[in-house]
Amino acid sequence: MNGRIRRIGALVKLSLLELWRRNDMFALLVLALVLLVPLSMARPFGATGATRYFDEAALLLVWGYSLFISLGVGGRLFTSEFANRTVYPLLAKPVSRGELLLGKYLGAVAAAWSALAFFYALWAVSSALRGGECLSVCFFQAFVLHALFAALAVAAALCGSFLFTPSASTTLLAILFPAMFFFGRRLPEYAENVSGALRWLVDAFYWVAPHVEFFDMRQRLVHGWGGVEPGVFLAVVGYGVAYSAVLLLFTGILFNRKRL
Amino acid sequence: MRKLIPYGAIALVAVFAMSLAKVPPAQMPQAVSGGGFLSVLLGDAKKDISGAMIKEADSYFHGGVDMDCHHLHGHADHGSQHDEHGHDCRCEHCAHEHMKCDGAHDKGSFDPWRWINERVRAPEIERHLEGERTIELMPWFWAAVKADPHNVEAWGTAWYVASHMMHDDALALRIAVDGWRQNAGSMAMACVVGRAYRAKGTLDQKHSEAMFRKAVELGRNKEKLEGNDLFSFYEALGYLAEYAENENDMRALEMLLREAKRVEPDHPTTKLIESKLRESRK
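Chains as they are written, first to last, in this note's numbering: chain L, 28 to 287; chain H, 130 to 411.
Keep in mind the hints are simulated off the structure, nothing from the lab.
Hints are not guaranteed to be accurate.
Covered stretches of chain H, going by a simulated chain L footprint (3 or more residues, C-beta under 8 Å) [unchecked claim]:
1. 185–194
2. 242–248
3. 267–276
4. 303–309
Beta carbons are placed, not taken as given, at the ideal position from N, Cα and C, and that holds for glycine.
Chain L with its partners taken away, still in its complex shape (with noise of 0.2 Å):
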């Protein structure tokens, strides 16, 4: 068991390290400051105070960055390994598929919640200094349901990336998730508008699609609205880990299966 532990352990660290290595996430940092340092300067008509239209963009970007930095790291974990060939020599160590997967998958976890962790450390920061309040439970819940998200797009894109090519997969998902973040709680309500097979179709994809709307608490966050009851923050919870979960298995009978 410590044996498993620690060769899962490895490859986490191995994954973390990768992301920091890369300059993408100074890369992000830097289009982040660009975004924003002149939208914190703004004085609309000669009037100060006003600050959530500034909380509201910074947090739409750390949005866009966890979905661009996850769906990243979790369409790389295997392709380079297959493209480089460097998976045989991992396989040859005494590690079985099924960890290989999971250590890599949550070592890509890792590093996106330690990108997630750094964007948002900046943005409470910068609220702080507004005279905003950070640190609250509407912070905190915002935080791991947005950590939910991250976990659950690194599946998605692990998973797409054994059933399509890797551009294939990350051009697919980075429309998909969008349009589920910012449409899919309207699904229904198309549903009703058409008729026939198309509305069954849109009927299925509404109960199948990620609903990653779920964890989007800005709105909450922005406007002072509070956290969210426990039993809901708790459903919330268990459906990101359900859906990554099942993601994750599907991902690990398609590895299982492929011929190397």
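For chain L, the structure is supplied; the task is to place chain H on it using the hints.
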């Protein structure tokens, strides 16, 4: 022969470009409205962007909730009605809109995804930004008028928020004057500036009166007065009548009454001016 094809194509393009240059800009299929880089780049999309910014301001007014109630819409147009009773959102329009919002949530069978969504998102209950906190709406109005400087509704609503919610008369006047600078032919905007000069902090009757006179003059020059223009015309006449009554200026009242009767003899403002004149004569 093949070598001549590129030269022929260049000649064709040159002839086409020269013929285009002879067409007056207004007759072009997509004439650029307004100046600047944004106008060329976005064209009519500016109006849509501006409208979306106003919708966002409305959402911010409700604490980030899209209530589809549009409380802020039309305050510039029927602002004086709201002036009378303040913005307590118990007016017929708002009450009706809230009923529509409440009715939208009645759904049949249990849907767990909807259940989660409704609870993760902020509750759709009536909660409005008040007082100084309405400053949060200003960036969206600012973005709306930057996208489309001719969006009189955005200028008017921004003025309304600054004046009636934030109680910042100086800011309200600044917004109104900026809006007038961009929309010098708008009767509604002239009325907004006239009202901005009536505020306690920026009281200037001379300027206020001049702006209401400008609105009436703009109305006089229009072939047909209807909709918002008709509303602004009578709004301006009403305020001018008030000034004339305060100064006991019978001649001005008579002139205003003639002006009011010319367009709609049975309009409530016409009746009001008539009664003011009668009172003054007693």
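Now for the hints, and whether the structure bears them out:
1. 185–194: holds (count 4)
2. 242–248: As far as the segment 242–248 of chain H goes, the hint holds, because 5 residues have Cβ atoms under 8 Å from chain L.
3. 267–276: Coverage by chain L holds for the segment 267–276 of chain H (6 residues, Cβ < 8 Å).
4. 303–309: As far as the segment 303–309 of chain H goes, the hint holds, because 3 residues have Cβ atoms under 8 Å from chain L.
Taken one by one, the earlier hints all hold for this structure without exception.
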